[in-house]
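Colleague: Sequence:
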Amino acid sequence: EQADVDGSVRGSTGSRLDFLGGSVNGSVESNSGAALNLISIAVDGPVRVQGGGTEVFGDGVDARGSLEATGAEFFDLHNSTVRGNFLARDTRLGSFFCGNTLNGNAEFVRNLALLVIGSSTGECAGSHVSGNLRVEDNEAETEISGNDVSGNLSCYDNEPAPVGGGNRVRGNKEGQCRLL
Numbered sequence: 016e017q018a019d020v021d022g023s024v025r026g027s028t029g030s031r032l033d034f035l036g037g038s039v040n041g042s043v044e045s046n047s048g049a050a051l052n053l054i055s056i057a058v059d060g061p062v063r064v065q066g067g068g069t070e071v072f073g074d075g076v077d078a079r080g081s082l083e084a085t086g087a088e089f090f091d092l093h094n095s096t097v098r099g100n101f102l103a104r105d106t107r108l109g110s111f112f113c114g115n116t117l118n119g120n121a122e123f124v125r126n127l128a129l130l131v132i133g134s135s136t137g138e139c140a141g142s143h144v145s146g147n148l149r150v151e152d153n154e155a156e157t158e159i160s161g162n163d164v165s166g167n168l169s170c171y172d173n174e175p176a177p178v179g180g181g182n183r184v185r186g187n188k189e190g191q192c193r194l195l
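FYI, in my numbering the residues of the sequence shown are 16 to 195.
Keep in mind that the hints were calculated from the coordinates and are not lab data. Careful: at least some of the hints might be erroneous.
Listed next, with one range per pair, are the computed distances between beta-carbon atoms [as the list claims (entries may be wrong)]:
no., residue 1, residue 2, range
1, Asn187, Gly66, 27 to 37 Å
2, Ser135, Thr96, 15 to 25 Å
3, Gly137, Asn52, 17 to 27 Å
Even for Gly, the Cβ is constructed at its ideal location relative to N, Cα and C.
Make a model of the complete structure from these sequences and hints.
Modeller: Here is the structure:
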């Protein structure tokens, strides 16, 4: 149900926070074991989640702050606008980053499962990143396709190396992403 929240929202272990429209005039935070669904919502602050068992899915989010997940199960974001950075670190089940406009940097580091940052099949549209796109130390398949990156696209120490192509990069393509 649509709701407008004046202030910050904090999820706790075992909680499920479903935002279907509306707005949060503050931050959204959660620690271990919470499920967070952000659908067609405006968030006027950062979104920060951490800890095992935490699941985050966003579609149509208008975030006026950074989105950051550390140690979550997964962090998926589709068709959203972020006025800040997007950080997915140490996720157990990976991340899908599809069709977003990011006015900051994107970072995918030490994730343990599939990362899709735009796909060649069109099932996950590429994103526009006005800063740098960094993919480093991930331990699963990674696809990086169809993105528009104003800064650098850098990939280092991923096993296996990322695949993909069709990325427009105004800065440098570095490391394992040189040919993407």
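Colleague: Taking 27 to 37 Å as the hint, is the beta-carbon distance of Asn187 and Gly66 inside that range?
Modeller: holds, 35 Å
Colleague: Given the range 17 to 27 Å, decide if the beta-carbon distance of Gly137 to Asn52 lies inside it.
Modeller: With Cβ atoms ~24 Å apart, the hint holds.
Colleague: Using the C-beta atoms of Ser135 and Thr96, is the stated range 15 to 25 Å upheld?
Modeller: holds, 24 Å
In this structure, every one of the numbered hints holds.
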